[in-house]
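**Q** Chains as they are written, first to last, in my numbering: chain A, 428 to 815; chain B, 428 to 815.
Hints listed in this document are in silico derivations from the structure and should not be mistaken for laboratory results.
Some hints could be false.
A pair counts as met if it fits within one copy or between any two copies, since identical chains are not told apart.
[Claimed, not checked] Straight-line C-alpha distance at most 25 Å; calculated SDA-like pairs for lysine to any residue:
#	residue 1	residue 2
1	K631	Y589
2	K447	T672
3	K598	R643
4	K447	Q737
5	K598	K631
6	K631	G774
7	K631	E646
8	K447	S510
9	K631	P711
10	K631	D471
There are 2 protein chains.
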Amino acid sequence: MNAELGLSDQEIPSGSALDKSELETPCLLIDTEVMERNIASMADTARRLGVALRPHAKTHKLPSVARLQLEAGASGITVAKVSEAEVMAAHGIRSIFIAYPLVTPGKIRRALALHEQAELILAVDSLEGAVRLSEAAVTHGGAPLAVRLEIDTGLRRTGVPYDDAPALAEKIAAMPGLSLTGIYTFRGALLDGAPTLDLAAAGKQEGRLMADLAQRLREAGVPVADVSVGSTPTAAFAAAVPGVTEIRPGTYVYQDRMQARLGVCSLDDCAGRVRVTVVSRPAPDLAIIDGGSKTFATDVQPNTAPLLLQGFGWSTELPDAVLERLTEEHGMLRLGPDAQASGLAVGDVLHLVPNHICSTVNLHNQVWFRGTDGRYTPQPVLARGMLE
Amino acid sequence: MNAELGLSDQEIPSGSALDKSELETPCLLIDTEVMERNIASMADTARRLGVALRPHAKTHKLPSVARLQLEAGASGITVAKVSEAEVMAAHGIRSIFIAYPLVTPGKIRRALALHEQAELILAVDSLEGAVRLSEAAVTHGGAPLAVRLEIDTGLRRTGVPYDDAPALAEKIAAMPGLSLTGIYTFRGALLDGAPTLDLAAAGKQEGRLMADLAQRLREAGVPVADVSVGSTPTAAFAAAVPGVTEIRPGTYVYQDRMQARLGVCSLDDCAGRVRVTVVSRPAPDLAIIDGGSKTFATDVQPNTAPLLLQGFGWSTELPDAVLERLTEEHGMLRLGPDAQASGLAVGDVLHLVPNHICSTVNLHNQVWFRGTDGRYTPQPVLARGMLE
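This is chain A alone, in the form it adopts within the complex (with noise of 0.2 Å):
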């Protein structure tokens, strides 16, 4: 398992592999089958589509999944800190761009000491963020920093808002110690400003919104390269829009019921499993689980539109059951009446596909990879809960 994932000493923990009976619960089990088929998989998808693939790492958090992504075609890997960046740089992976505005005079700084031991793409969104990088670049010296002018494409948060691109931009390019060289967005599976389950329409109006605007900026007289946009679920449907020249998923290393439920995959290739066990069973249509909301990620929240999940994960051996509550140690499972007639007992062991596995992955200090041999071997997820 170390040797096919190629670790490197520090990312091996002391512990060794073990038998699936043999793990304390809850942990989160990846099969690193369906993980590597889901890597060559999007991969494929790029080279097909003639776009590079720069996945964002925030699934994995893990340097020893960056590289398993490189070798299979990635072009580089997507960050959201800098702090991730350093774990990253630090085990070998020299092509990261840090999609977020790093706007503090800490974090620019050291942006810039990475800068020279990796190849750095940086993000920028506004006047203030801009000057602020600029004058450290100018200040630091060395070579200019690449930066990409992030695009509000209708998600509202980060981002220049659509219309006011141009004119950011051609200030941008005017800028000492920073080279624009490209655009990039962020924006799931939306359609019109609201969230969809139309994914080829929502990718196809990303990666237009996208290409237009590149060429818009072009005619003005900024030179952008990199057209960069896509989600796991827009990703196929955005890079067939000619203009656009790369897709950044970070999801499908692992996929998730929520993109099972877009469409995008089937449970099957989801990678991820949380197990737990029932520690008690208090009613007949009640079972209390070891997992709670230290365990399952909260951010996407049952019966919410347009997913309409039932509850914070699915359990392949009782799929009428429903986790329907959390507290922070308890997960309440309702149970059906198949899950009812089932027998399932205080000590009994389930398997539950996340909501969302990046949140869930960043609640686990570590990670169990199914290997070849059917033993599980744990890795540190080294990049979690980096918030700087």
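Please arrange chain B on chain A, whose structure you already have, making use of the hints.
**A** Leaving out everything else, chain B in the frame of chain A:
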């Protein structure tokens, strides 16, 4: 600061005390004075009402803070996991109640090992669980394991159903290797099975249910001594019921927005603040901060009855701003008229009281304690992310 908290060497990180302006964001700040006031206040309540105080360490997850609680008069601490108990015991905490049913051989084995170096109390809530504990304790030998029976008083998670308790208690009391020393419940702010803002009525009902049950058990020949109840909102009210012997509040140590909304405390009593930086100002009514769902817990959702909290946290500087949406690294702050008039700009720093401090602490690898000199010292959250 370190001397103030009586830290052991292992608990002190390499980072030295920093001025507030030097802190990288997002980060979690603890006002040490406010925390100490909260610790003293709950200790006074327990003393005044003649009950033992056994705080749940799930809020702070720090041996150093547990020691402060013990010094203020707590009789021991409560945790949910064997791994948390191991961390606490390794840092000198002697009396630990693991208020969670341990049903797997591995966890029971670890608890029995820990039992030799700390005064451990375990929890049971089912016949199967009790049999497993009893058999393991007999095999292991040594002093009997003190256990408490968990009672479901309406929350419908772990806990034997109320009316089934006497029969189960009699069986457990007769098991070799175990000493049934008490009963306990966790209910939170619940009245007649439903969430409530009437804490006095909720606490009184909780206390009465448990005191009555203890009396029934004693009449049936099961000599339970400890009658343990109480969350932060109900502790003072439940403790006033004759027959209750112990309270186990957790949140009170730092307090949070949820408790302030419940009327337990004021926002000024909340010792925890998430410090964030504005990274983007894409529209007059929108500011993006560098804390999202990796920084603010999402288990207590906005607009949920009966709390009806607006947003995922409350900014002390901008009272009419609502932290309306979160993605992993982005917080979308909708600005009201006053906040819009404030001139909020990229790079500005804000401090937010999180909805739920316990789960927010769990997201932070370290917290920063404010010393009497106004500088901040980081402490690694040693029992953070403990799932086993």
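**Q** Output the indices of the hints that this structure fails to meet, ascending.
**A** 2, 4, 5, 6, 9
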